[in-house]
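The residues making up each chain are set out below.
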Amino acid sequence: NAGVTQTPKFQVLKTGQSMTLQCAQDMNHEYMSWYRQDPGMGLRLIHYSVGAGITDQGEVPNGYNVSRSTTEDFPLRLLSAAPSQTSVYFCASSLDGDEQFFGPGTRLTVL
Amino acid sequence: GNSVTQMEGPVTLSEEAFLTINCTYTATGYPSLFWYVQYPGEGLQLLLKATKADDKGSNKGFEATYRKETTSFHLEKGSVQVSDSAVYFCAPADTGRRALTFGSGTRLQVQP
Numbered sequence: 017n018a019g020v021t022q023t024p025k026f027q028v029l030k031t032g033q034s035m036t037l038q039c040a041q042d043m044n045h046e047y048m049s050w051y052r053q054d055p056g057m058g059l060r061l062i063h064y065s066v067g068a069g070i071t072d073q074g075e076v077p078n079g080y081n082v083s084r085s086t087t088e089d090f091p092l093r094l095l096s097a098a099p100s101q102t103s104v105y106f107c108a109s110s111l112d113g114d115e116q117f118f119g120p121g122t123r124l125t126v127l
Numbered sequence: 008g009n010s011v012t013q014m015e016g017p018v019t020l021s022e023e024a025f026l027t028i029n030c031t032y033t034a035t036g037y038p039s040l041f042w043y044v045q046y047p048g049e050g051l052q053l054l055l056k057a058t059k060a061d062d063k064g065s066n067k068g069f070e071a072t073y074r075k076e077t078t079s080f081h082l083e084k085g086s087v088q089v090s091d092s093a094v095y096f097c098a099p100a101d102t103g104r105r106a107l108t109f110g111s112g113t114r115l116q117v118q119p
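Protein chains in written order, with our numbering: chain P, 17 to 127; chain H, 8 to 119.
Don't take each hint at face value.
[What the hints assert, rightly or not] Cut-off 16 Å, straight-line C-alpha distance, at most; resulting in silico cross-link-like pairs (EDC-like, lysine to aspartate or glutamate):
| id | chain 1 | residue 1 | chain 2 | residue 2 |
| --- | --- | --- | --- | --- |
| 1 | H | 67 | H | 91 |
| 2 | H | 59 | P | 114 |
| 3 | H | 75 | H | 91 |
| 4 | H | 59 | P | 115 |
| 5 | H | 67 | H | 83 |
| 6 | P | 25 | H | 70 |
| 7 | H | 59 | H | 49 |
| 8 | H | 59 | H | 76 |
| 9 | H | 75 | H | 61 |
[Stated by the list, open to error] For the chain P half of the interface with chain H, some residues (derived, Cβ under 8 Å), not all of them:
| id | residue |
| --- | --- |
| 10 | 24 |
| 11 | 56 |
| 12 | 110 |
| 13 | 114 |
| 14 | 116 |
| 15 | 118 |
| 16 | 119 |
Don't read these hints as lab results, they were simulated from the structure.
Just so it is clear, CB atoms sit at the ideal spot from N, CA and C, and this is done for glycine as well.
Sequences are here, hints too, so could you generate the full structure?
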């Protein structure tokens, strides 16, 4: 099993550009989530999904969209990137909604 | 919603010293509790967990006990090594969102 995979590992965007951060898991987990990690603030929940076709907002959803068309994939879309979205993004999945398995992260810089 | 308070770092210790990282939380009900570790340049790994009151989670010499009365889950290790240098996150489960609520993290630096 590859576990949770994320692409790309690094990305630089200009303000106003859009992009999609990819996340996939091969463990048949129902629950998936996106977090952002900023210095001194731990990880904050952006969006989460409790199954295919079901998504909801976390703590910091503004500026981000998600969809969950399959159990395996949970992409995160930035519609119009802003410097405040410079961060490290982690995707996670869970079998039971408790223990989370994390991907390696995507480091995003918005200029 | 949940909230987590962790002791601020960095915590700097000499090798073989005793480690305590305090964590207290507020949550609805009695969620499972986790400690995750992030080594430099890497993602998050589960270090240990406890699923009910008075449970003790342990792994790699680290321990933490689920204290319902004080809503705490302090991390301890009897003798730290240089290889333990990392950032440690306390995280109760958010049972409504099937996700985790993270503390701000505590950076541990162990000197030889």
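Do the hints match the structure? See the list:
Between residue 67 of chain H and residue 91 of chain H the CA atoms are separated by roughly 10 Å; this keeps the pair inside 16 Å, and the hint holds. Note on residue 59 of chain H and residue 114 of chain P: the hinted pairing holds, with a Cα-Cα distance of about 12 Å set against a maximum of 16 Å. A threshold of 16 Å between alpha carbons decides the hint, and for residue 75 of chain H with residue 91 of chain H the separation of about 28 Å lies outside it, so the pair is violated. Note on residue 59 of chain H and residue 115 of chain P: the hinted pairing holds, with a Cα-Cα distance of about 14 Å set against a maximum of 16 Å.
Restraint check for residue 67 of chain H and residue 83 of chain H: satisfied, since their Cα atoms lie roughly 11 Å apart, inside the 16 Å limit. Proposed proximity of residue 25 of chain P and residue 70 of chain H is contradicted: the alpha carbons are some 33 Å apart, above 16 Å. A C-alpha spacing of about 29 Å is found between residue 59 of chain H and residue 49 of chain H, which places the hinted pair above 16 Å, so the restraint is violated. Distance restraint check for residue 59 of chain H and residue 76 of chain H: the Cα-Cα separation of roughly 12 Å lies within the 16 Å cut-off, and the hinted pair is therefore satisfied.
The hinted pair formed by residue 75 of chain H and residue 61 of chain H meets the criterion: a straight-line CA distance of about 7 Å does not exceed 16 Å. Contact between residue 24 of chain P and chain H, as hinted, is not supported at the beta carbon level, the nearest pair being about 15 Å apart and thus beyond 8 Å. About 6 Å separates the beta-carbon of residue 56 of chain P from the nearest beta-carbon of chain H, less than 8 Å, and the hint is met. The closest approach between the C-beta of residue 110 of chain P and any C-beta of chain H is roughly 6 Å, which is under the 8 Å cut-off, so the hint is satisfied.
Interface hint at residue 114 of chain P: satisfied, since its Cβ lies 5 Å from the closest Cβ of chain H, which is below the 8 Å cut-off. Taking 8 Å as the C-beta cut-off, the interface hint given for residue 116 of chain P holds, the closest approach to chain H being about 6 Å. Taking 8 Å as the C-beta cut-off, the interface hint given for residue 118 of chain P holds, the closest approach to chain H being about 4 Å. Satisfaction of the interface hint for residue 119 of chain P is found here, the shortest Cβ-Cβ separation to chain H being roughly 6 Å, below the 8 Å cut-off.
Violated hints, in rising order: 3, 6, 7, 10; the structure is consistent with all others.
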